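Engineer: Here are the chains, one letter per residue:
There are 2 protein chains.
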Amino acid sequence: MSWEANVRQVIPYVPGEQPKKKVIKLNTNENPYPPSQKVKKALEDFDIDKLRLYPDVNAGELGEGLARYYNVLPEQTFVGVGSDDVLATAFLTFFNSDKPILFPEITYSFYDVWANLYNIPFKQVEMDENFRIRKEDYYGENGGIVIPNPNAPTGLAKDPGDIEDIIRHNPDSVVIIDEAYVDFGATSVLPLINKYDNLLVVQTFSKSRSMAGARIGMAFGSKKLIKYLNDVKFSINSYTMNILTVTAGKAMLDDDGYFKDTVEKIVATRERVKKELKALDFEFPDSKSNFIFARHKSVPAVDILNAAREEGIYLRHFKKPERINDYLRISIGTDEEMDSLVDFLKGFLGR
Amino acid sequence: MSWEANVRQVIPYVPGEQPKKKVIKLNTNENPYPPSQKVKKALEDFDIDKLRLYPDVNAGELGEGLARYYNVLPEQTFVGVGSDDVLATAFLTFFNSDKPILFPEITYSFYDVWANLYNIPFKQVEMDENFRIRKEDYYGENGGIVIPNPNAPTGLAKDPGDIEDIIRHNPDSVVIIDEAYVDFGATSVLPLINKYDNLLVVQTFSKSRSMAGARIGMAFGSKKLIKYLNDVKFSINSYTMNILTVTAGKAMLDDDGYFKDTVEKIVATRERVKKELKALDFEFPDSKSNFIFARHKSVPAVDILNAAREEGIYLRHFKKPERINDYLRISIGTDEEMDSLVDFLKGFLGR
Numbered sequence: 001m002s003w004e005a006n007v008r009q010v011i012p013y014v015p016g017e018q019p020k021k022k023v024i025k026l027n028t029n030e031n032p033y034p035p036s037q038k039v040k041k042a043l044e045d046f047d048i049d050k051l052r053l054y055p056d057v058n059a060g061e062l063g064e065g066l067a068r069y070y071n072v073l074p075e076q077t078f079v080g081v082g083s084d085d086v087l088a089t090a091f092l093t094f095f096n097s098d099k100p101i102l103f104p105e106i107t108y109s110f111y112d113v114w115a116n117l118y119n120i121p122f123k124q125v126e127m128d129e130n131f132r133i134r135k136e137d138y139y140g141e142n143g144g145i146v147i148p149n150p151n152a153p154t155g156l157a158k159d160p161g162d163i164e165d166i167i168r169h170n171p172d173s174v175v176i177i178d179e180a181y182v183d184f185g186a187t188s189v190l191p192l193i194n195k196y197d198n199l200l201v202v203q204t205f206s207k208s209r210s211m212a213g214a215r216i217g218m219a220f221g222s223k224k225l226i227k228y229l230n231d232v233k234f235s236i237n238s239y240t241m242n243i244l245t246v247t248a249g250k251a252m253l254d255d256d257g258y259f260k261d262t263v264e265k266i267v268a269t270r271e272r273v274k275k276e277l278k279a280l281d282f283e284f285p286d287s288k289s290n291f292i293f294a295r296h297k298s299v300p301a302v303d304i305l306n307a308a309r310e311e312g313i314y315l316r317h318f319k320k321p322e323r324i325n326d327y328l329r330i331s332i333g334t335d336e337e338m339d340s341l342v343d344f345l346k347g348f349l350g351r
Numbered sequence: 001m002s003w004e005a006n007v008r009q010v011i012p013y014v015p016g017e018q019p020k021k022k023v024i025k026l027n028t029n030e031n032p033y034p035p036s037q038k039v040k041k042a043l044e045d046f047d048i049d050k051l052r053l054y055p056d057v058n059a060g061e062l063g064e065g066l067a068r069y070y071n072v073l074p075e076q077t078f079v080g081v082g083s084d085d086v087l088a089t090a091f092l093t094f095f096n097s098d099k100p101i102l103f104p105e106i107t108y109s110f111y112d113v114w115a116n117l118y119n120i121p122f123k124q125v126e127m128d129e130n131f132r133i134r135k136e137d138y139y140g141e142n143g144g145i146v147i148p149n150p151n152a153p154t155g156l157a158k159d160p161g162d163i164e165d166i167i168r169h170n171p172d173s174v175v176i177i178d179e180a181y182v183d184f185g186a187t188s189v190l191p192l193i194n195k196y197d198n199l200l201v202v203q204t205f206s207k208s209r210s211m212a213g214a215r216i217g218m219a220f221g222s223k224k225l226i227k228y229l230n231d232v233k234f235s236i237n238s239y240t241m242n243i244l245t246v247t248a249g250k251a252m253l254d255d256d257g258y259f260k261d262t263v264e265k266i267v268a269t270r271e272r273v274k275k276e277l278k279a280l281d282f283e284f285p286d287s288k289s290n291f292i293f294a295r296h297k298s299v300p301a302v303d304i305l306n307a308a309r310e311e312g313i314y315l316r317h318f319k320k321p322e323r324i325n326d327y328l329r330i331s332i333g334t335d336e337e338m339d340s341l342v343d344f345l346k347g348f349l350g351r
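Residue numbers (the working numbering), protein chains in the order written: chain V, 1 to 351; chain U, 1 to 351.
Honestly, the hints are just simulated from the structure, not real lab data. The model shown is predicted, which means the values in this text are computed figures rather than measured ones. It is possible that some hints are incorrect.
Heads up, the list lumps identical chains together, so a pair's fine if it works in one copy or across two of them.
No farther apart than 25 angstroms at their CA atoms in a straight line, the calculated lysine to aspartate or glutamate pairs in the DMTMM-like style are these [claimed, not checked]:
id : residue 1 : residue 2
1  : K20       : E75
2  : K265      : E336
3  : K38       : D49
4  : K250      : D56
5  : K50       : E264
6  : K21       : E283
7  : K275      : D162
8  : K274      : E264
9  : K22       : D339
10 : K20       : E336
11 : K40       : D254
12 : K22       : E61
Working from the sequences, and respecting the hints, build out all of it.
Structural biologist: So, in structure tokens, the structure goes:
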């Protein structure tokens with residue numbers, strides 16, 4: 001016997017690489033544009049005396065700002081250290097059934113990591129041949145449901161009517177819709193939290209709001225659902241949202257024009273790049289997100305991945321499941337960055 | 001059946017009140033002095049473009065700075081969102097035995113909350129009549145040990161030799177020493193991490209480093225221990241430490257002179273207030289922390305608590321266990337704040 005016998009042995013999630021040198025970073029779906037200058041101003045004006053006190057347990061002006069922005073009550077709002085913190089806390093809070101929770105076979109690769117960590121049984125639900133989620137597959141008995149919309153890494157969005165059908169068929173489960181990428185072209189089901197008390201909608205500042213470095217995720221749900229989530233949160237760490245992040249996040253939320261312009265630019269770049277990739281014989285699901293999940297008709301993904309890396313262009317590749325082994329996930333950068341990628345591809349593919 | 005049947009039902013930790021109006025706040029052991037002006041400068045100079053990228057998974061320059069400052073390897077260092085995050089993750093990682101974990105009957109009231117949340121069996125170990133922890137009580141079979149030094153809310157410090165005796169008797173358990181208040185007058189057992197691979201030493205920026213609002217906690221242990229802790233952390237949230245907090249924390253760490261001056265001032269104030277409280281017929285264990293845990297010889301704690309609150313002076317009172325029902329935990333503020341408290345007490349007690 002040793003103390004190691006009682007250690008929780010897990011296989012952790014492996015995040016995309018964060019290179020220290022200057023590269024074209026299209027591997028972790030970050031926003032290529034900086035946050036609003038209002039964030040700069042807020043940090044310059046910040047009174048450091050505030051740092052000596054514990055922050056507000058509900059993320060203070062950021063929590064209140066989100067409630068106003070999304071037109072819900074503060075008690076329908078939850079803020080965490082990135083959407084990973086929000087989702088992990090939600091798994092721990094809501095998924096305590098003996099029945100398996102359901103999520104798509106190809107999806108955000110943290111879901112099975114959390115399920116394993118907390119000993120939650122789970123079933124990865126098959127998708128159709130075009131990576132589409134079939135709503136009927138989520139109508140059977142289950143211990144909970146989590147579906148990203150748009151899905152990652154496919155980028156495919158589901159119609160809000162289909163999402164509602166899944167929620168309606170599952171009154172005995174908490175249904176989590178992970179909308180990390182929703183601002184880039186899908187429709188949020190946030191308004192449905194007033195209709196279904198078992199719906200949790202999760203979003204983040206890491207993608208469309210240019211603030212992955214600040215770690216802000218949020219969830220919206222019925223007052224009852226948020227109360228349960230808070231009870232567990234307050235059983236782990238009362239003060240998760242530091243005052244600096246709250247200040248910076250609120251400033252970003254306040255510059256809605258800048259936010260929308262940025263999203264619009266990224267969407268325009270994505271649509272242009274789709275055409276260029278198609279011309280180079282790539283095929284991909286029709287992304288509504290800030291990345292494109294593409295495979296080349298003849299050249300293996302790993303060959304492109306490695307050659308791009310040699311040129312200082314980082315892309316993301318998932319080894320499993322085998323079905324996506326030949327795909328690359330390409331984050332949408334600035335127009336200049338995407339031009340560099342396209343130039344590289346043309347050269348590499350001999351066009 | 002409803003979705004609520006599968007909710008994790010818990011009784012969360014209740015943090016000390018954070019009043020919104022201007023009061024003399026001696027209820028949550030915050031530092032009365034602001035962080036270093038270097039923190040102000042670092043925030044003013046901060047390049048907001050960094051916010052769009054995910055932060056370093058190991059708290060970047062803050063993690064490295066801590067390793068240097070405490071003369072350990074980066075791989076012996078772990079950083080989290082306050083010491084609550086660090087401790088909760090450590091409970092989940094290391095306390096997976098069927099045997100109960102041990103901690104003092106009167107101690108930080110989050111320990112039993114985490115144990116309940118994660119279904120960890122626990123035993124609250126009795127203390128002697130003077131609130132002292134008896135090392136021999138921790139020599140029996142157990143699933144892990146957590147002891148704060150100094151203890152809270154008593155403020156009593158244990159000799160590092162006694163702590164080492166506890167560690168030496170427990171090679172089959174992880175022993176966590178929670179040193180949240182160590183800088184105010186106790187001796188850290190941090191150097192022992194090179195001798196015992198099952199020792200985890202936890203500290204925080206929330207008290208002695210004036211940064212409760214930034215949420216920085218840290219742990220030190222053997223490379224093996226930290227690796228296990230990181231595996232679980234990476235199974236919950238890869239990026240817990242945001243870049244703003246990392247930047248501010250590093251700037252604070254760099255101003256060691258200011259930090260030491262601040263601690264010295266607080267200790268001097270504490271020793272002076274001890275004398276004044278004694279003269280007013282209070283009795284208390286000899287605190288080595290930034291608070292005094294005191295009871296009056298004749299006036300009930302709740303009466304003092306409520307009257308002080310009327311005057312805008314916030315103190316902390318714990319209703320249970322009954323043994324401490326007559327004590328108040330008084331954080332050490334500035335000299336002016338403590339003078340206001342003493343003046344109030346003199347008036348209230350009719351001196």
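Engineer: Are the hints correct? Go through all of them and say.
Structural biologist: Status of each hint after checking the structure:
| no. | hint | result |
| --- | --- | --- |
| 1 | K20 with E75 | between (41 angstroms within a copy, 19 angstroms between copies) |
| 2 | K265 with E336 | within (12 angstroms within a copy, 55 angstroms between copies) |
| 3 | K38 with D49 | both (21 angstroms within a copy, 12 angstroms between copies) |
| 4 | K250 with D56 | both (14 angstroms within a copy, 23 angstroms between copies) |
| 5 | K50 with E264 | between (36 angstroms within a copy, 21 angstroms between copies) |
| 6 | K21 with E283 | neither (31 angstroms within a copy, 60 angstroms between copies) |
| 7 | K275 with D162 | neither (28 angstroms within a copy, 70 angstroms between copies) |
| 8 | K274 with E264 | within (15 angstroms within a copy, 63 angstroms between copies) |
| 9 | K22 with D339 | within (17 angstroms within a copy, 55 angstroms between copies) |
| 10 | K20 with E336 | within (21 angstroms within a copy, 48 angstroms between copies) |
| 11 | K40 with D254 | both (13 angstroms within a copy, 23 angstroms between copies) |
| 12 | K22 with E61 | between (35 angstroms within a copy, 18 angstroms between copies) |
Consistency with the previously given hints fails for numbers 6 and 7, ordered from lowest to highest.
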